[in-house]
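Once you have looked at the hints, place chain V on chain W.
Chain order of the listed sequences is W and V.
Read left to right, the first sequence gives residues 1 to 126 (this note's numbering).
Read left to right, the second sequence gives residues 1 to 392 (this note's numbering).
There could be a bad hint or two in this list.
Unchecked claim - The calculated label-pair distances, taken between Cβ atoms and stated as ranges, are:
hint : chain 1 : residue 1 : chain 2 : residue 2 : range
1    : V       : K133      : W       : E48       : 49 to 59 Å
2    : W       : V97       : V       : G163      : 37 to 47 Å
3    : W       : R122      : V       : D257      : 24 to 34 Å
4    : V       : G22       : W       : D94       : 44 to 54 Å
As the list claims (entries may be wrong) - In silico DSSO-like links for lysine-lysine, alpha-carbon gap of 30 Å or less:
hint : chain 1 : residue 1 : chain 2 : residue 2
5    : W       : K54       : V       : K45
6    : V       : K44       : V       : K133
7    : V       : K133      : W       : K47
8    : V       : K16       : V       : K106
9    : V       : K73       : W       : K54
10   : V       : K265      : V       : K307
11   : V       : K133      : W       : K63
12   : V       : K133      : V       : K45
13   : V       : K365      : V       : K265
14   : V       : K365      : V       : K16
15   : V       : K133      : V       : K106
16   : V       : K16       : V       : K361
17   : V       : K73       : V       : K106
18   : V       : K16       : V       : K44
19   : V       : K265      : W       : K54
What the hints assert, rightly or not - Heads up, incomplete: computed chain W residues facing chain V, CB under 10 Å, no partners named:
hint : residue
20   : K63
21   : C95
22   : V97
I should point out that these hints are in silico values taken from the structure, not numbers from a laboratory.
A quick note: this is a predicted structure, and the numbers were derived from the prediction, not measured.
Where a beta carbon is used, it is the ideal one built from N, C-alpha and C, also for glycine.
Take a look at the letters that make up each chain.
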Amino acid sequence: MKEREKESIKDQEDRSLSIQYCPTCAQYIFYPRALCPHCWQGVPEWKESSGRGKVYTYTVVRKSYLPEFASRVPYIYALVELAEGIRLPSNIIDCPVEQIRIGMQVELAWVQGDFGFIPVFRRIEV
Amino acid sequence: MTIRGRTAISGMAELKPLIDAGGRSSMELLAEVAALAIEDAGLKKSDIDGLLLTPPAEGNGFMWPAQMAEYLKMSPSYINMVELGGASACAAATRAALGVAAGLCKHCLCLSGGIWDPQVFNDQEGKTAVMSKAEMEYELPYGPMGFNSAYAWIAQRHMYEFGTTPEQMAKIAVDQRQNALANPEALFNEQALSIEDVLNSPLIVDPIHRLEIVRPCSGAAAVIVSSSEIAADMPQLPVFLLGMGEACSHNSIVYSDNITLSPVKDSARRAFAMAGQGPGDMDLLSLYDCYPITVIITIEDAGFCPKGEGGGWVESRDLTYRGPLPLNTHGGQLSFGQPSYAGGMSHLTEAVRQLRGQAGKRQIKNHRLAFVNGNGGVMSTQSSLILGRDRA
Numbered sequence: 001m002k003e004r005e006k007e008s009i010k011d012q013e014d015r016s017l018s019i020q021y022c023p024t025c026a027q028y029i030f031y032p033r034a035l036c037p038h039c040w041q042g043v044p045e046w047k048e049s050s051g052r053g054k055v056y057t058y059t060v061v062r063k064s065y066l067p068e069f070a071s072r073v074p075y076i077y078a079l080v081e082l083a084e085g086i087r088l089p090s091n092i093i094d095c096p097v098e099q100i101r102i103g104m105q106v107e108l109a110w111v112q113g114d115f116g117f118i119p120v121f122r123r124i125e126v
Numbered sequence: 001m002t003i004r005g006r007t008a009i010s011g012m013a014e015l016k017p018l019i020d021a022g023g024r025s026s027m028e029l030l031a032e033v034a035a036l037a038i039e040d041a042g043l044k045k046s047d048i049d050g051l052l053l054t055p056p057a058e059g060n061g062f063m064w065p066a067q068m069a070e071y072l073k074m075s076p077s078y079i080n081m082v083e084l085g086g087a088s089a090c091a092a093a094t095r096a097a098l099g100v101a102a103g104l105c106k107h108c109l110c111l112s113g114g115i116w117d118p119q120v121f122n123d124q125e126g127k128t129a130v131m132s133k134a135e136m137e138y139e140l141p142y143g144p145m146g147f148n149s150a151y152a153w154i155a156q157r158h159m160y161e162f163g164t165t166p167e168q169m170a171k172i173a174v175d176q177r178q179n180a181l182a183n184p185e186a187l188f189n190e191q192a193l194s195i196e197d198v199l200n201s202p203l204i205v206d207p208i209h210r211l212e213i214v215r216p217c218s219g220a221a222a223v224i225v226s227s228s229e230i231a232a233d234m235p236q237l238p239v240f241l242l243g244m245g246e247a248c249s250h251n252s253i254v255y256s257d258n259i260t261l262s263p264v265k266d267s268a269r270r271a272f273a274m275a276g277q278g279p280g281d282m283d284l285l286s287l288y289d290c291y292p293i294t295v296i297i298t299i300e301d302a303g304f305c306p307k308g309e310g311g312g313w314v315e316s317r318d319l320t321y322r323g324p325l326p327l328n329t330h331g332g333q334l335s336f337g338q339p340s341y342a343g344g345m346s347h348l349t350e351a352v353r354q355l356r357g358q359a360g361k362r363q364i365k366n367h368r369l370a371f372v373n374g375n376g377g378v379m380s381t382q383s384s385l386i387l388g389r390d391r392a
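Chain W with its partners taken away, still in its complex shape (with noise of 0.2 Å):
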């Protein structure tokens, strides 16, 4: 595992996810990044996320070319927006595909798959 990704998902046991932020612009940051993108001049600090957030856009892969995936379609392939603004490729689980929709809440889970021990997003029963 790559040093950065083993930074941002150091939490992992105890199911949080970490997310960089600048002290000097007070904005968050992703993905990581040693210097702050916004400013250029903040170092950044590593903060938890509130895990929650809503589906900014979605779609339904009908077919992978990704031998990993190939047998798991239909699947969503999400850009989700957490709380903190910043905005994270995912998956959405345990969400039939007829029922994604833009803006559905959701919140963070863990899974294993084929690339490592992933944070993924589950929808949240309203």
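Structure of chain V alone, referenced to chain W:
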């Protein structure tokens, strides 16, 4: 000092796109099209002293400009590779204009294209070959489908924000196919399409159907940029480079602040400002079309209609060569094919053909000014051009 109108496209050539290059190499295709372009321009090989390339479609890209110059046995005074994805070809024309206007070269050849390798894009090795480190780390674990899923994200959000419909997006593929029926060089030019045909083709990544996705193929294209004074005495009617504008706001669409608003807003504004023209002055739209949503967003952000109204705009108009403001009269990449980076040059070569009055059956009536847009990545890099038949 502006470079508005100081240079012109004095020569061009394009090979017919083919699915299978029949065992030929990318370098062979590029050499063939280079020879055709200098013939079109009435030049000799020794007249060409500038060489700009888009990236290679296959093989080792290290020192690519020198590899190609060596293959062509050239010793240019101005040489480079332009890598802005699908915007590379338009951006090469801009850089050619800069080199010529600055006196670094006299006739600059811009070369693009190559063979289609089915391996590329179609397996994980191919997918990851075009991914950044950030994409590999933060996108790949979730099963993206390359450009398909990224543009699907944009289309889905555009439908949500503005009420754009699947029928409106399909209309672009339908009208462009009508254009392709009048283009013997197009890859798909035998059968008309209906909106139902497009919407009944398999859904690949919601809301994008198979007939709304470009077909990669083999081919090549070239343009030659010369000074306007010299071009005026050359055999072809010069097509003047009146406006140029570029913009870039991200690489992966994940990092665009607003995925339904593209940097075309800036590139087009810059190009129109240089040309002293506006959207209402244009006679032809030649817009990068990897998917219909790309065209809708480009039309909106270049100012041809208010933001969010692109769907209704394309729905209510005849976009074919018979219409009031024709779009992608060669068929666009959706019907002409996408021969590697030369897919992005096809919008430029078609605009040159139309402005010269050489488009045959699909020749448009008014052909004074064209807006050409190259788009790279996922609405990431933009290169907009205003081309004109008159220098001023």
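Hints versus structure:
{"no.": "1", "hint": "V:K133 / W:E48: 49 to 59 Å", "in the structure": "violated (25 Å)"}
{"no.": "2", "hint": "W:V97 / V:G163: 37 to 47 Å", "in the structure": "violated (22 Å)"}
{"no.": "3", "hint": "W:R122 / V:D257: 24 to 34 Å", "in the structure": "holds (26 Å)"}
{"no.": "4", "hint": "V:G22 / W:D94: 44 to 54 Å", "in the structure": "holds (50 Å)"}
{"no.": "5", "hint": "W:K54 / V:K45", "in the structure": "violated (59 Å)"}
{"no.": "6", "hint": "V:K44 / V:K133", "in the structure": "violated (44 Å)"}
{"no.": "7", "hint": "V:K133 / W:K47", "in the structure": "holds (23 Å)"}
{"no.": "8", "hint": "V:K16 / V:K106", "in the structure": "holds (28 Å)"}
{"no.": "9", "hint": "V:K73 / W:K54", "in the structure": "violated (57 Å)"}
{"no.": "10", "hint": "V:K265 / V:K307", "in the structure": "holds (10 Å)"}
{"no.": "11", "hint": "V:K133 / W:K63", "in the structure": "holds (24 Å)"}
{"no.": "12", "hint": "V:K133 / V:K45", "in the structure": "violated (41 Å)"}
{"no.": "13", "hint": "V:K365 / V:K265", "in the structure": "holds (28 Å)"}
{"no.": "14", "hint": "V:K365 / V:K16", "in the structure": "holds (25 Å)"}
{"no.": "15", "hint": "V:K133 / V:K106", "in the structure": "violated (40 Å)"}
{"no.": "16", "hint": "V:K16 / V:K361", "in the structure": "holds (17 Å)"}
{"no.": "17", "hint": "V:K73 / V:K106", "in the structure": "holds (18 Å)"}
{"no.": "18", "hint": "V:K16 / V:K44", "in the structure": "holds (23 Å)"}
{"no.": "19", "hint": "V:K265 / W:K54", "in the structure": "holds (27 Å)"}
{"no.": "20", "hint": "K63", "in the structure": "holds (5 Å)"}
{"no.": "21", "hint": "C95", "in the structure": "violated (14 Å)"}
{"no.": "22", "hint": "V97", "in the structure": "holds (8 Å)"}
Violated hints for the displayed structure, listed by number in ascending order: 1, 2, 5, 6, 9, 12, 15, 21.
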